[in-house]
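Participant: The residues making up each chain are set out below.
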Amino acid sequence: ETGVTQTPRHLVMGMTNKKSLKCEQHLGHNAMYWYKQSAKKPLELMFVYNFKEQTENNSVPSRFSPECPNSSHLFLHLHTLQPEDSALYLCASSQEKGNQPQHFGDGTRLSIL
Amino acid sequence: GENVEQHPSTLSVQEGDSAVIKCTYSDSASNYFPWYKQELGKGPQLIIDIRSNVGEKKDQRIAVTLNKTAKHFSLHITETQPEDSAVYFCAGGSQGNLIFGKGTKLSVKP
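For the record, the sequence lines run as chains A and B. When we follow our numbering, the leftmost residue of the first sequence carries the number 459, and every step to the right adds one. When we follow our numbering, the leftmost residue of the second sequence carries the number 30, and every step to the right adds one.
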């Protein structure tokens, strides 16, 4: 039990579909993150939220749209994705944004047809 | 930009031997260095971390050393067991974000 829950665990979608990834943390943290993990590459930070405010958008294409309605929930809305977007998408949380331990969920494995 | 180099990319050891994974970082302002273990089908799990005001930290069979002058840090696993087999990631905290290495796949042979 990681304290950070991601759903769905697997998602297959066509390039014209719209879907959303969900992340929920039960740790009382105030910062949440989206990362992209591809084979043979380091984890890529996508978005950061601190106290529900987006503090970082790491040059992510607009076809990825994050939403953070409260400190416990984080969404990643997907539309018109490309095959190169197939990857493992990881959510993480920490007490606050900064150089602190981040706790990860088990990810959503996304495949774009 | 900031980056973290991690070596080796794969490491195979015999059960009971020690394993060492090394990382170097470029941002001299980095002051937080966590290590994560990722098992198949799971997310990364924090196993140990160290801050720049400390040179070494140990937790049972796992230890991390930090050399700020040389800008490198290492993970040491002693008395390895098959359940230590996983991918290990180092990271450096830079400007409030973590910069990750590419990972080391550790295989412990029984």
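These are calculated hints, taken from the structure and not from any lab test. Just to be clear, a hint being listed does not mean it is correct.
In the BS3-like style, the derived pairs of lysine-lysine whose C-alpha atoms are separated by at most 27 Å in a straight line are [stated by the list, open to error]:
(1) K66/B with K498/A
(2) K66/B with K476/A
(3) K480/A with K71/B
(4) K51/B with K480/A
(5) K51/B with K71/B
(6) K100/B with K87/B
(7) K555/A with K97/B
(8) K134/B with K477/A
(9) K87/B with K477/A
(10) K555/A with K87/B
(11) K477/A with K100/B
(12) K494/A with K87/B
The following residues of chain B were derived to be distant from chain A, with all beta-carbon distances above 12 Å [what the hints assert, rightly or not]:
(13) Q35
(14) G122
(15) K138
Note that the structure is a prediction, hence the values are computed from the model and not measured. Here a beta-carbon is modelled for each residue, glycine too, at the ideal position from N, C-alpha and C.
Participant: Indicate, hint by hint, whether the structure satisfies it.
Facilitator: Hint check:
1. A threshold of 27 Å between alpha carbons decides the hint, and for K66/B with K498/A the separation of about 16 Å falls inside it, so the pair holds.
2. Annotation: proposed proximity of K66/B to K476/A is violated, straight-line Cα distance about 32 Å (limit 27 Å).
3. For the suggested pair K480/A and K71/B, the alpha carbons sit about 16 Å apart, so the restraint of at most 27 Å is met.
4. Between K51/B and K480/A the CA atoms are separated by roughly 34 Å; this puts the pair beyond 27 Å, and the hint is violated.
5. For the proposed pair K51/B and K71/B, the alpha carbon gap of about 23 Å is at most 27 Å, so the pair holds.
6. Of the pairs offered as hints, the one joining K100/B and K87/B holds, with about 19 Å between alpha carbons and a cut-off of 27 Å not exceeded.
7. Taking the CA atoms of K555/A and K97/B, the gap is near 23 Å; set against the 27 Å cutoff, the hint holds.
8. A C-alpha spacing of about 32 Å is found between K134/B and K477/A, which places the hinted pair above 27 Å, so the restraint is violated.
9. For a cut-off of 27 Å, the pair hint linking K87/B to K477/A is broken: about 44 Å separates their Cα positions.
10. Proposed proximity of K555/A and K87/B is supported: the alpha carbons are some 26 Å apart, at most 27 Å.
11. For the given pair, K477/A sits about 42 Å from K100/B by alpha-carbon distance, which is inconsistent with the 27 Å threshold.
12. As the CA atoms of K494/A and K87/B are separated by approximately 30 Å, the hinted pair breaks the 27 Å bound.
13. With a least CB separation of 8 Å from chain A, Q35/B falls inside the 12 Å interface cut-off, contrary to its annotation.
14. Residue placement check: G122/B does not keep its beta carbon more than 12 Å from all beta carbons of chain A (closest about 3 Å).
15. The non-interface label for K138/B is consistent with chain A: the shortest C-beta to C-beta separation is roughly 23 Å, beyond 12 Å.
The structure is inconsistent with the numbered hints 2, 4, 8, 9, 11, 12, 13 and 14, although it conforms to all the rest.
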